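2 protein chains.
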Amino acid sequence: MNADAKIVQKIQMNVSQELILALDAMGGANAPQVVVEGAHLALERYPRLKFLFFGDEKQLIPLLKEYKKLNAASTVHHTDTVVDDDMKPAAALRVGRTSSMALAIKAVAEGVASGVISGGNTGAYMALSKILLKTVKGISRPAIASYLPTERGGETVMLDLGANVACDELNLVEFAIMGSVFATDVLGYENPSVGLLNIGEEDLKGSPVLRRAADYLKNYPGINFYGFIEGNDIAKGTVDVVVTDGFTGNVALKTLEGTARLIRSFLKEGFSGSLIGKIGYFFALPTLRLVFQRMNPSRYNGAIFLGLNGIAIKSHGSTDALGFSNAISVAVDMLSHGFKAQIEKNMEDVKVFLAQAELEVKTQG
Amino acid sequence: MNADAKIVQKIQMNVSQELILALDAMGGANAPQVVVEGAHLALERYPRLKFLFFGDEKQLIPLLKEYKKLNAASTVHHTDTVVDDDMKPAAALRVGRTSSMALAIKAVAEGVASGVISGGNTGAYMALSKILLKTVKGISRPAIASYLPTERGGETVMLDLGANVACDELNLVEFAIMGSVFATDVLGYENPSVGLLNIGEEDLKGSPVLRRAADYLKNYPGINFYGFIEGNDIAKGTVDVVVTDGFTGNVALKTLEGTARLIRSFLKEGFSGSLIGKIGYFFALPTLRLVFQRMNPSRYNGAIFLGLNGIAIKSHGSTDALGFSNAISVAVDMLSHGFKAQIEKNMEDVKVFLAQAELEVKTQG
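These protein sequence lines map, in sequence, to chains A and B. Each residue of the first sequence is one higher than the one before, counting from 1 in the numbering used here. Each residue of the second sequence is one higher than the one before, counting from 1001 in the numbering used here.
Just chain A, same shape as in the assembly:
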């Protein structure tokens, strides 16, 4: 059963529920068109969704009129203010409080909507979400997570993808717990394995931070800790949850995207470069389409801000309508689970564990 089928099944279980989502209609390169079209596609998939659009009503109202069902399921909340793509998070906190992004987040904070989706400035989005939604009790820093395709089949969850450049061992332990709960509750994995991203050279194996994080995770009974993994293990699917700092995670994710594009361009070049290539392309097209679809970044669009009191999903700034609709699907998927409560419970457990571990170290010392 693929991810979409799983989501649809879960939604059908909660068929009576009405889900209201807040959309930052102005975030991302092709906003508001892509946001409106994405919402339209998502509504086809989940007919019980309702949308609150935050943004420029002069642009939004005519766009929505093109989709009758969507128009009926939507309300528009006007604002002129937009968070620019190059606005620093600190500036967004000062001047962005009435922006489409902030108002959409506020709708979740105030309980008007169950989740927010934005394709805008990631740093600003995270900063505003932290302030407006607050972090889950016990979590010091939220992380950005996403799921990725793997060679073994199924998906792997990876975090942090860019929220925290520098991380200490306790941040990494928190990421491991959040990722593990996410893989269990949202992806339905049993006892998901967790790997710490590292490099293979012996002497270098693990900066002190990574080694200390591994020591904690090895001994914490709530986590199925696999150990260190390397970059090639991400796509291999060696573990269900890949834990890393936000710098490394962001570089790895973008390297992965870039490589997929490179191969796609090599294939295109190969098939268009000669007559035999063109003939081959004709016959291979159905298969190539399926493979490209499977690798399509739109399919994996929708990064999750984990560790907040509310569901906030980041859509890629340059995604298409299909991609935006998938980001909405991720929100829907998270809504059908008691994700937050599970994290809180785990964070209490881990605190007890960490306090004991510290005590042991002191006793030994």
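Hints listed in this document are in silico derivations from the structure and should not be mistaken for laboratory results. Nothing here was measured: the structure is a model prediction, and the numbers come from that model. The beta carbon of each residue, even a glycine, is placed where N, CA and C say it ideally should be.
Away from chain B, derived, C-beta distances all over 12 Å, residues of chain A:
#, residue
1, Gln59
2, Val82
3, Leu335
Pairs of lysine to any residue, SDA-like flavour, derived with a Cα cap of 25 Å:
#, chain 1, residue 1, chain 2, residue 2
4, B, Lys1268, B, Asp1320
5, A, Lys236, B, Asn1030
6, A, Lys278, B, Tyr1281
Fit chain B to the known structure of chain A by using the hints.
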């Protein structure tokens, strides 16, 4: 003209020269078979090569007998000692001095061979190379570099790929200079552009180390500094030289390799999964072969230890004979250039520049 043709041309220019290479015959998963077969393939390409094999003569002599020409071009230097794959660099320095790896490096240090190739333990190889070959004057830390295919065509040089986990701004500046000289002298790029690998989130853009490195590089006239780049820029070929610390570089390289494998496996699955797929595969095969060949890690095998007084090439531990022969080609390619002198010259320039920059900071302070 592709890389191989360029190498052949250069070699033909130095047709009278006899090139002696030292091979660690015991390094890597499939040693010594792959080493012997790789040398055989390389000799077909460059008939004037001579090889010194270091390792177990009981295994080597019968293997070499299978290749008449290679046997005539080779000498075997027996040793029983081998550096294990999981031996720590410090241990290799203590007990590995008579190993096949150390003896092969020594052959270069003593001027008996012009370059060394090993598929063994990277950490040990780097540690032994530093001790035996010493670093180029002015370079504080050697780096591991490799070239990678790009979407724009041509190759990009990336370093460091794992020699230095934690780097300060001056290490990164050194890497930029070494990478730039390498791209100019070995790849033949004119005024190659240099990018610092970073992440895109505004607030996070650059740890202090990255920002300081960028400040130096912006102002240093000897480098064509492009600025910060992101993970997807590696495969895109946005710059000619990608500079990063050894941790990030290693993760990015392995993520790239893992993604290429993932797509290959998706394609295989796609083409074998249905009748239409199988028919498509039949017609697409010639093109797919070319594309896979272009992405074949063997083609890009041979990482370079930059910054040493001598040419040391690291072959991937699990490569095949073709891959090992390409690692030999990298050594041959570097031999036909005055690479070391160029780096020394640049390091003198940069020292003057850095001293002036420091003086300016002090004067301003």
